[in-house]
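Letter by letter, the chains look like this.
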Amino acid sequence: MDVEKYIASGILELYIAGILSEEENLEIANYAKEYPEIQKEIEAIEASILALSKKASPGFNYSFKSLMDRINGEVKVIPINEKRSTPLLSYVGWAASLLLAVGLFWMYQQNEDLKSNIQIVEKQNVDLEQQIADTDSSLEQTQELLNTLRDQNISVIALGGQAVSPTSYAKAYWNKENQKVFIDAKGLPEPPDGFVYQVWSLKLSPLTPTSMGLLEDFATDENKVFALNNPNESEAFGITLEPAGGSESPNLEQLYTLGVVATS
Amino acid sequence: MQLDLLVDQFKKKDPTAFEKLYGMYSDNICGVINTIVKNDALAQEICQDVFIKIWNNCESYNSSKGRFFTWILNIARNAAIDEIRSRSYKNDKKNLSADYFVGILQNKEEEESSTVDTKGLRNLVKNLKEKCVQIIELLYFRGYTQKDAAEELDIPIGTVKTRNRSCISQLRDNMAVR
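These protein sequence lines map, in sequence, to chains A and B. Per this note's numbering, residue 1 is the first one in the first sequence, and the count goes up by one each step. Per this note's numbering, residue 1 is the first one in the second sequence, and the count goes up by one each step.
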């Protein structure tokens, strides 16, 4: 072991700096015990660093007593410091989470509102579609009705108002071929509760009434056109107001309209 | 060796031994910290924290790992470097290299009330070349490895050891002259 050379390598300076590996540190510690020159050199290097670092000192250090006071009091000091910093942080944390919760609740509310709006709109949609369908079928019925009335076999009989209700009127469209009569009752007032209009086929001499049927659901029927069967050789048509369910023979007191079939 | 005995006592949590070690090294440790934080009051605060840490961890020192001073030097510079990092000081190496411990000299001359022994420090480093100041700062006060110091100074890694040796020799000469 060449001690001189070892010292000259500069490794002992690094040893004092504390930047060598553990193996190197251990090796030098052993050499220092073995070779007094190395031990002496180490101390001299350390002394130079001690001198240099001492010059950079702030100059007045805390007394050892104040250091020991802190060491003995440290257990008390640290919790106070921690307590001081914790509340602010936890307040901020709680505030943030509260804000988040409020925000989430608000978004949830908004979402629910939108959902219910969508439901309302959807229901309106369904209603509108239903209306369109109703209108379509009503239009079809009207077309059908119009076609029926335009049939060339139809004879039109105007029924004029009678003593009970002079302003009333009605029309009968009679298709003799298929024995059907359509009564257009738009000119009749709504029957009172418990009463119904009844249509009669009349033979004039002698006067023989035959019931053709009732104008049921008068109030709710939109176009007030009613289809009835008429197998009779009618000479006139009359409409009377009868108690609900109709009568065997007409109550001529309550004859609203009457019309005679033109003979051709 | 008296120092070894003292350290043994200290490891047994003997306050008297600790007081003696504090008397021996507190100026040096506070000085090392001051070269890093460059703030007297802050350096003293950290310095006290470091000695508390040393006391609380006294069992972990083992003489086979190095000198006692080297052990506390390491604790001190780690604490100081942690401090400036946590205070988000600009810590990139360029800034550091522009401001070595001799910077303390200039600072201290400006504030006359300072208690730093500027005259002594000035005498101690008077013949030291810039590259010596740099390498001593990096290795002793910053704890750079040889590799890191070689990169920082842009010199071959083998040069670090020899240059440092000659710089320390010069420092020792300056001490002897004084």
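Worth flagging that the hints you see were computed from the coordinates, not collected in a lab. Glycine residues also receive a C-beta, built at the ideal position from the N, C-alpha and C atoms. It is possible that some hints are incorrect.
[Claimed, not checked] Residues of chain B clear of chain A, computed beta-carbon distances all greater than 12 Å:
hint, residue
1, Leu6
2, Gln9
3, Glu19
4, Ala41
5, Asp82
6, Arg85
7, Arg87
8, Val125
9, Lys129
10, Glu151
11, Leu153
12, Asp154
[Said to hold, decoys possible] Straight-line alpha carbon distances no greater than 27 Å define the calculated DSSO-like cross-link-like pairs of lysine-lysine that follow:
hint, chain 1, residue 1, chain 2, residue 2
13, A, Lys65, B, Lys11
14, A, Lys5, B, Lys65
15, A, Lys5, B, Lys161
16, A, Lys40, B, Lys126
17, B, Lys11, A, Lys33
18, B, Lys161, A, Lys40
19, B, Lys129, B, Lys147
20, A, Lys40, B, Lys65
21, B, Lys11, A, Lys5
22, B, Lys11, A, Lys40
23, A, Lys65, B, Lys126
24, A, Lys65, B, Lys129
25, A, Lys65, B, Lys53
Do the hints match the structure? See the list:
no.: 1; hint: Leu6; in the structure: holds (14 Å)
no.: 2; hint: Gln9; in the structure: holds (15 Å)
no.: 3; hint: Glu19; in the structure: violated (5 Å)
no.: 4; hint: Ala41; in the structure: violated (8 Å)
no.: 5; hint: Asp82; in the structure: holds (16 Å)
no.: 6; hint: Arg85; in the structure: holds (19 Å)
no.: 7; hint: Arg87; in the structure: holds (16 Å)
no.: 8; hint: Val125; in the structure: violated (8 Å)
no.: 9; hint: Lys129; in the structure: holds (15 Å)
no.: 10; hint: Glu151; in the structure: holds (14 Å)
no.: 11; hint: Leu153; in the structure: holds (15 Å)
no.: 12; hint: Asp154; in the structure: holds (19 Å)
no.: 13; hint: Lys65/A <-> Lys11/B; in the structure: holds (19 Å)
no.: 14; hint: Lys5/A <-> Lys65/B; in the structure: holds (23 Å)
no.: 15; hint: Lys5/A <-> Lys161/B; in the structure: holds (13 Å)
no.: 16; hint: Lys40/A <-> Lys126/B; in the structure: holds (25 Å)
no.: 17; hint: Lys11/B <-> Lys33/A; in the structure: holds (21 Å)
no.: 18; hint: Lys161/B <-> Lys40/A; in the structure: holds (19 Å)
no.: 19; hint: Lys129/B <-> Lys147/B; in the structure: holds (21 Å)
no.: 20; hint: Lys40/A <-> Lys65/B; in the structure: holds (18 Å)
no.: 21; hint: Lys11/B <-> Lys5/A; in the structure: violated (35 Å)
no.: 22; hint: Lys11/B <-> Lys40/A; in the structure: holds (24 Å)
no.: 23; hint: Lys65/A <-> Lys126/B; in the structure: violated (36 Å)
no.: 24; hint: Lys65/A <-> Lys129/B; in the structure: violated (40 Å)
no.: 25; hint: Lys65/A <-> Lys53/B; in the structure: holds (16 Å)
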